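Residues in the sequence shown are numbered consecutively from 1, following UniProt numbering.
Honestly, the hints are just simulated from the structure, not real lab data.
Computed from a predicted structure; not experimentally measured.
Each residue gets a CB set at the ideal place from its N, CA and C atoms; glycine is no exception.
Mixed in with the good hints there might be a few duds.
[Claimed, not checked] The calculated lysine-lysine pairs, modelled on PhoX-like cross-linking and capped at a C-alpha distance of 20 Å, are:
#1 K75 / K49
#2 K75 / K43
#3 K72 / K99
#4 K81 / K99
[Said to hold, decoys possible] Using C-beta positions, here's what the derived DEER-type ranges look like:
#5 R41 / S104: 18 to 28 Å
#6 E19 / R95: 14 to 24 Å
#7 N46 / S104: 18 to 28 Å
#8 E106 / N6: 28 to 38 Å
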Amino acid sequence: MARNTNTVILVGHLGSDPEIRQFQNGGQIATFNLAIGDDYRDKQGNTVKRTHWIPIVVHGNSADVARQYLQKGSKICVTGKLVQESWQDQNGNNRTVLKVATQSFEMLDSKANNETQQPTKDKEKPDPLNAAAEQDGFNDDVPF
(Lines of atoms letter the chains of each structure in order from A and count residues from 1; the text may use other names and numbers.)
(Lines give C-alpha, C1' and ligand atoms only; values in the text may rest on other atoms or scores of the structure.)
Protein backbone atom coordinates (compact mmCIF):
# COMPACT_ATOMS: atom_id res chain seq x y z
CA MET A 1 0.00 0.00 0.00
CA ALA A 2 1.29 3.47 -0.88
CA ARG A 3 2.22 5.79 1.92
CA ASN A 4 0.63 9.25 2.09
CA THR A 5 2.88 12.12 1.13
CA ASN A 6 2.59 15.77 2.12
CA THR A 7 5.23 17.68 0.17
CA VAL A 8 4.85 21.05 -1.52
CA ILE A 9 7.39 22.76 -3.77
CA LEU A 10 6.51 26.28 -4.94
CA VAL A 11 8.40 28.95 -6.87
CA GLY A 12 7.05 32.47 -6.71
CA HIS A 13 7.49 36.06 -5.54
CA LEU A 14 6.81 37.55 -2.11
CA GLY A 15 3.77 39.81 -2.05
CA SER A 16 5.12 41.81 0.90
CA ASP A 17 8.06 41.94 3.26
CA PRO A 18 8.02 39.03 5.74
CA GLU A 19 6.14 39.71 8.96
CA ILE A 20 8.19 38.56 11.96
CA ARG A 21 6.66 37.46 15.26
CA GLN A 22 8.85 36.88 18.31
CA PHE A 23 7.83 34.58 21.14
CA GLN A 24 8.70 34.85 24.83
CA ASN A 25 10.70 31.62 24.64
CA GLY A 26 13.01 33.22 22.05
CA GLY A 27 11.47 31.51 19.03
CA GLN A 28 10.25 33.37 16.02
CA ILE A 29 8.26 32.87 12.84
CA ALA A 30 8.12 34.75 9.58
CA THR A 31 4.94 34.84 7.53
CA PHE A 32 4.27 36.14 4.03
CA ASN A 33 2.16 35.41 0.98
CA LEU A 34 3.82 33.89 -2.06
CA ALA A 35 2.43 34.79 -5.48
CA ILE A 36 2.46 31.90 -7.91
CA GLY A 37 0.95 32.01 -11.36
CA ASP A 38 -0.58 29.66 -13.83
CA ASP A 39 -2.67 29.93 -16.94
CA TYR A 40 -5.41 28.06 -18.71
CA ARG A 41 -7.47 28.32 -21.87
CA ASP A 42 -11.08 29.45 -21.58
CA LYS A 43 -13.95 28.21 -23.79
CA GLN A 44 -13.05 30.77 -26.47
CA GLY A 45 -9.45 29.52 -26.61
CA ASN A 46 -8.00 32.62 -24.93
CA THR A 47 -5.17 32.20 -22.46
CA VAL A 48 -6.20 33.41 -19.01
CA LYS A 49 -3.46 34.11 -16.47
CA ARG A 50 -4.15 33.67 -12.76
CA THR A 51 -2.21 34.54 -9.64
CA HIS A 52 -2.65 32.46 -6.49
CA TRP A 53 -1.57 33.86 -3.11
CA ILE A 54 -0.23 31.11 -0.87
CA PRO A 55 0.35 31.79 2.86
CA ILE A 56 3.85 30.70 3.91
CA VAL A 57 5.15 30.16 7.46
CA VAL A 58 8.89 29.99 8.23
CA HIS A 59 10.04 28.82 11.69
CA GLY A 60 13.23 29.07 13.76
CA ASN A 61 16.57 30.22 12.36
CA SER A 62 15.14 30.25 8.84
CA ALA A 63 12.74 32.99 9.99
CA ASP A 64 15.74 35.16 10.82
CA VAL A 65 17.22 34.49 7.37
CA ALA A 66 13.87 35.47 5.83
CA ARG A 67 13.84 38.68 7.88
CA GLN A 68 17.35 39.62 6.77
CA TYR A 69 17.27 38.71 3.10
CA LEU A 70 13.71 38.50 1.79
CA GLN A 71 11.61 41.45 0.74
CA LYS A 72 8.56 42.20 -1.35
CA GLY A 73 9.18 40.89 -4.86
CA SER A 74 11.93 38.41 -3.89
CA LYS A 75 11.82 35.24 -5.97
CA ILE A 76 12.15 32.07 -3.90
CA CYS A 77 11.62 28.32 -4.05
CA VAL A 78 9.82 26.96 -0.98
CA THR A 79 9.79 23.30 0.04
CA GLY A 80 7.42 22.36 2.83
CA LYS A 81 4.18 20.70 3.75
CA LEU A 82 0.55 21.73 3.83
CA VAL A 83 -0.88 22.43 7.27
CA GLN A 84 -4.48 23.24 8.07
CA GLU A 85 -5.44 25.80 10.69
CA SER A 86 -9.00 25.90 11.97
CA TRP A 87 -10.69 28.39 14.29
CA GLN A 88 -14.01 29.95 15.09
CA ASP A 89 -14.46 33.61 14.13
CA GLN A 90 -16.26 36.29 16.18
CA ASN A 91 -19.61 35.31 14.67
CA GLY A 92 -19.20 31.65 15.59
CA ASN A 93 -18.43 30.53 12.03
CA ASN A 94 -15.88 27.79 11.59
CA ARG A 95 -12.92 28.93 9.47
CA THR A 96 -10.14 26.91 7.89
CA VAL A 97 -7.03 27.97 6.00
CA LEU A 98 -4.28 25.93 4.35
CA LYS A 99 -0.71 27.20 4.75
CA VAL A 100 2.69 25.93 3.72
CA ALA A 101 5.01 25.26 6.67
CA THR A 102 8.47 25.53 5.15
CA GLN A 103 11.12 22.91 5.60
CA SER A 104 13.53 24.95 3.48
CA PHE A 105 13.60 27.81 1.02
CA GLU A 106 16.06 28.97 -1.58
CA MET A 107 16.53 32.55 -2.72
CA LEU A 108 16.50 32.66 -6.51
CA ASP A 109 17.32 36.34 -7.04
CA SER A 110 20.95 37.20 -7.59
CA LYS A 111 22.43 39.79 -5.27
CA ALA A 112 23.13 42.02 -8.26
CA ASN A 113 19.41 42.10 -9.07
CA ASN A 114 18.50 43.21 -5.55
CA GLU A 115 20.99 46.03 -5.25
CA THR A 116 21.65 48.97 -7.52
CA GLN A 117 25.26 48.91 -8.55
CA GLN A 118 27.23 52.13 -8.35
CA PRO A 119 30.10 52.54 -10.80
CA THR A 120 33.48 52.65 -9.14
CA LYS A 121 36.57 54.44 -10.38
CA ASP A 122 38.21 51.08 -11.11
CA LYS A 123 35.33 50.09 -13.37
CA GLU A 124 35.46 53.39 -15.26
CA LYS A 125 39.06 52.77 -16.35
CA PRO A 126 39.53 50.20 -19.11
CA ASP A 127 41.56 47.15 -18.15
CA PRO A 128 44.80 47.48 -20.17
CA LEU A 129 45.24 43.69 -20.50
CA ASN A 130 41.73 43.15 -21.85
CA ALA A 131 41.98 46.19 -24.13
CA ALA A 132 45.20 44.85 -25.67
CA ALA A 133 43.69 41.38 -26.10
CA GLU A 134 40.60 42.80 -27.83
CA GLN A 135 42.79 44.84 -30.19
CA ASP A 136 44.50 41.58 -31.23
CA GLY A 137 41.10 40.08 -32.07
CA PHE A 138 40.83 37.95 -28.92
CA ASN A 139 37.55 38.19 -27.07
CA ASP A 140 36.94 35.88 -24.12
CA ASP A 141 33.19 36.56 -23.92
CA VAL A 142 31.19 33.35 -24.00
CA PRO A 143 28.92 33.37 -27.09
CA PHE A 144 25.87 32.07 -25.20
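Against the structure, the hints come out as follows:
no. : hint                   : result
1   : K75 / K49              : holds, 19 Å
2   : K75 / K43              : violated, 32 Å
3   : K72 / K99              : holds, 19 Å
4   : K81 / K99              : holds, 8 Å
5   : R41 / S104: 18 to 28 Å : violated, 34 Å
6   : E19 / R95: 14 to 24 Å  : holds, 19 Å
7   : N46 / S104: 18 to 28 Å : violated, 37 Å
8   : E106 / N6: 28 to 38 Å  : violated, 20 Å
Of the numbered hints given earlier, the model fails hints 2, 5, 7 and 8; all others are met.
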